[in-house]
Amino acid sequence: MKKSLTFNGVGKTYGRTVALRPTDLEIKAGEFLTLLGPSGSGKTTLLMALAGFVQPSSGSILLDGQDITNIPPEARNFGVVFQGYALFPHLTVWENVYFPLRARNLGRAKAREAVDDALALMELKPYADRMPAALSGGQQQRVALARALVFKPELLLLDEPLSALDKSLRKTLQTELKELHRKVGTTFVYVTHDQEEALSMSDRIAILRAGEIQQIASADALYWRPETAFVAGFLGRSNFVPMSGATVDAGAVTALTVLGPIKAQLPRDGVDVPRDACIAVRPERIAVSRQEPAHQNRVQGRVVSLTFFGTHVELDVEARGTLLNVHVPAVQAAQEPGLAEGAEVWLGWDADVSLVLPQETAAA
Amino acid sequence: MTAVAPKTASGAGRTDRFYLLMIVLPCAFLALLYFLPVLNVLVLSVTEPQPGIQNYQMLAESGALHRILLNTLRVSLSTTALTLLLGYMFSLGINSMAPRTRTVALFVVLASFWISALIRAYAWVAILQPNGLINQLLMGIGLIDTPLILVRNELGVIIGMVHYMLPYAILPIYANMAGIDRSLLRASRALGANRWRTFWWVFFPQSLPGLAGSGILVMIFSLGFYITPAILGGGRVVMIAEYISIQISETLRWGVATMLATVLVMVVVALTIWMSRYLKVGGGLASKGGKS
Numbered sequence: 001m002k003k004s005l006t007f008n009g010v011g012k013t014y015g016r017t018v019a020l021r022p023t024d025l026e027i028k029a030g031e032f033l034t035l036l037g038p039s040g041s042g043k044t045t046l047l048m049a050l051a052g053f054v055q056p057s058s059g060s061i062l063l064d065g066q067d068i069t070n071i072p073p074e075a076r077n078f079g080v081v082f083q084g085y086a087l088f089p090h091l092t093v094w095e096n097v098y099f100p101l102r103a104r105n106l107g108r109a110k111a112r113e114a115v116d117d118a119l120a121l122m123e124l125k126p127y128a129d130r131m132p133a134a135l136s137g138g139q140q141q142r143v144a145l146a147r148a149l150v151f152k153p154e155l156l157l158l159d160e161p162l163s164a165l166d167k168s169l170r171k172t173l174q175t176e177l178k179e180l181h182r183k184v185g186t187t188f189v190y191v192t193h194d195q196e197e198a199l200s201m202s203d204r205i206a207i208l209r210a211g212e213i214q215q216i217a218s219a220d221a222l223y224w225r226p227e228t229a230f231v232a233g234f235l236g237r238s239n240f241v242p243m244s245g246a247t248v249d250a251g252a253v254t255a256l257t258v259l260g261p262i263k264a265q266l267p268r269d270g271v272d273v274p275r276d277a278c279i280a281v282r283p284e285r286i287a288v289s290r291q292e293p294a295h296q297n298r299v300q301g302r303v304v305s306l307t308f309f310g311t312h313v314e315l316d317v318e319a320r321g322t323l324l325n326v327h328v329p330a331v332q333a334a335q336e337p338g339l340a341e342g343a344e345v346w347l348g349w350d351a352d353v354s355l356v357l358p359q360e361t362a363a364a
Numbered sequence: 001m002t003a004v005a006p007k008t009a010s011g012a013g014r015t016d017r018f019y020l021l022m023i024v025l026p027c028a029f030l031a032l033l034y035f036l037p038v039l040n041v042l043v044l045s046v047t048e049p050q051p052g053i054q055n056y057q058m059l060a061e062s063g064a065l066h067r068i069l070l071n072t073l074r075v076s077l078s079t080t081a082l083t084l085l086l087g088y089m090f091s092l093g094i095n096s097m098a099p100r101t102r103t104v105a106l107f108v109v110l111a112s113f114w115i116s117a118l119i120r121a122y123a124w125v126a127i128l129q130p131n132g133l134i135n136q137l138l139m140g141i142g143l144i145d146t147p148l149i150l151v152r153n154e155l156g157v158i159i160g161m162v163h164y165m166l167p168y169a170i171l172p173i174y175a176n177m178a179g180i181d182r183s184l185l186r187a188s189r190a191l192g193a194n195r196w197r198t199f200w201w202v203f204f205p206q207s208l209p210g211l212a213g214s215g216i217l218v219m220i221f222s223l224g225f226y227i228t229p230a231i232l233g234g235g236r237v238v239m240i241a242e243y244i245s246i247q248i249s250e251t252l253r254w255g256v257a258t259m260l261a262t263v264l265v266m267v268v269v270a271l272t273i274w275m276s277r278y279l280k281v282g283g284g285l286a287s288k289g290g291k292s
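As given, the protein sequences belong to chains A and B, one line each in that order. Position one of the first sequence corresponds to residue 1 (my numbering), numbered consecutively onward. Position one of the second sequence corresponds to residue 1 (my numbering), numbered consecutively onward.
Derived from the structure by calculation, the hints contain no laboratory data. Worth double-checking, as some hints may not be accurate.
Selected chain A positions facing chain B (Cβ under 10 Å, derived; list incomplete) [claimed, not checked]: (1) Lys3; (2) Pro72; (3) Gly79; (4) Phe82; (5) Gln83; (6) Gly84; (7) Pro100; (8) Arg102; (9) Tyr223; (10) Trp224; (11) Trp346.
Just so you know, these numbers come straight off a predicted model, no measurement behind them. No residue lacks a Cβ here, since even glycine has one placed at the ideal position from N, Cα and C.
From just these sequences and the hints, can you work out the full model?
Below, the structure is given as structure tokens:
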């Protein structure tokens, strides 16, 4: 059942508009891959090309080495869960789940076991005879999943399946989806614009922007080792400090910035300092203290605002005309006397948490 | 707060009364000029020429009446079936058009409302008659030797009626189709149903309410058609409305005429109730009477 998928230079243009630049992508058998990006980034185009609804303008899609680029959607044997679920309103829950088996010419009697199993898997048995309109959003979502999985597809495609639900339900279903992925073992390709969803469920995340995959890696690798300013800003928060130049000495970078020279690192070995670069530092990696710290990078500043968030305290510190966002664990902030708006403080961080990243337009 | 509340309440009451008035006036107008005459018709049907139900007995006994009723039913059913078929095809077409071309197509549909039934009927006679446009064309290209009889028969009547009814069928069918969620069609394909099955399993069932609504509308209109069958039938295809007219203005048998009118109204009302019960598409279509 598990098959790997390969995109070879798959691109899509509509007239002059480029929806997806020629993209290479390898989807491993059995993985949970999330396509994450803002709207218009090409993530849905990528998914629809995979499902067969968008005919690529270039390139080919291979399923276990077999070219499926020109195979119509109904012959691909992929399960799809659509945004808004797309349940058939004139059919009962049972008939909705039976639909893909009916399309595969299985009689009701023969399909009964598979349909009942799928309903049981999603805990939908009591609702088999209801119409979709009589179900809650979460239940409808589970029907859509049961329907997409009942024929044991080689791949399950999910197009923002949780976007219509309220936040607490979304959290529960994230856990359920992850659990489901473990249980059925099918490859999941999941599209979302919600970074939290992406971080909490995926084996790997592909971050898209303007029709292009910026970086594809596991959640923590993306978070701690982003390779572009966009990724650093889109996934979590980052402070970006523009660079005017840099000296490199055996992999150690010293960047010239408005904050003075900053010791920094390149995101991985073997890359050069980009022409248009900035320094990215996560807010939680900056230490705040009243005395001068021992960190490799130190700047003095003034607390402009201080907001309490329970687990942490968020500070905006102005240092040499630049605002830096800093997160301090609340426990630690409580032990720091005099940490208040207007206070003069020291900020400190080390070279290994300040990354030199190419900057197109750094989204904050 | 307490000082303001009663004021707003009375203000709302005044607005309510104003809107109520706006409903009451047209209702009174309808009652006076529509329902009273209909009631009068009903009364006449059991009092003319003398009190009793002898007019209704004719319904069971008269062979001529049976023929008229059968004609009406057959022509109406054929018209409805043909109109729905053509209207559905047309709606499918405009539903898949780009918005701009669709606007043009819908405009063409609506444009046919501008021409009266009378003019259209005569235009059809001109087109369909033995030396009319169609026969000349067919004979010109050598497809036929003798003219086809296309008018002054049931075929002509049905052609004219279908033409008249098409916009009435297209608009509700199209409105319904436009409301069908297109992502459902994608879902169907993704789940393994090809285009054909997607149409029959997903699209068609959901377009049924529009089809049913149009069906009632066209059937009700067709039962009461007068001008079109009178002209295109050339006296040979007499439907109930024309027969009523003859009884009123020529043979002066008002009892029979009002009895038939009453039966027609009853059938239409029954049809409306029955269909709207089963298909939940009453609403705006339920109260239309038949004419033209």
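Status of each hint after checking the structure:
1. Lys3: violated, 17 Å
2. Pro72: Result: holds, 7 Å to nearest chain B Cβ.
3. Gly79: holds, 8 Å
4. Phe82: The hint holds - phenylalanine 82 of chain A has a Cβ within 10 Å of chain B, the shortest such distance being about 5 Å.
5. Gln83: Constraint on glutamine 83 of chain A satisfied, holds at 8 Å.
6. Gly84: Because about 6 Å separates glycine 84 of chain A from the closest Cβ in chain B, which is inside the 10 Å limit, the hint holds.
7. Pro100: holds, 4 Å
8. Arg102: Hint holds; arginine 102 of chain A Cβ to chain B Cβ min 8 Å, cut 10 Å.
9. Tyr223: violated, 33 Å
10. Trp224: With Cβ-Cβ at 37 Å, over 10 Å, it is violated.
11. Trp346: At 55 Å from the nearest chain B Cβ, tryptophan 346 of chain A fails the 10 Å test, so the hint is violated.
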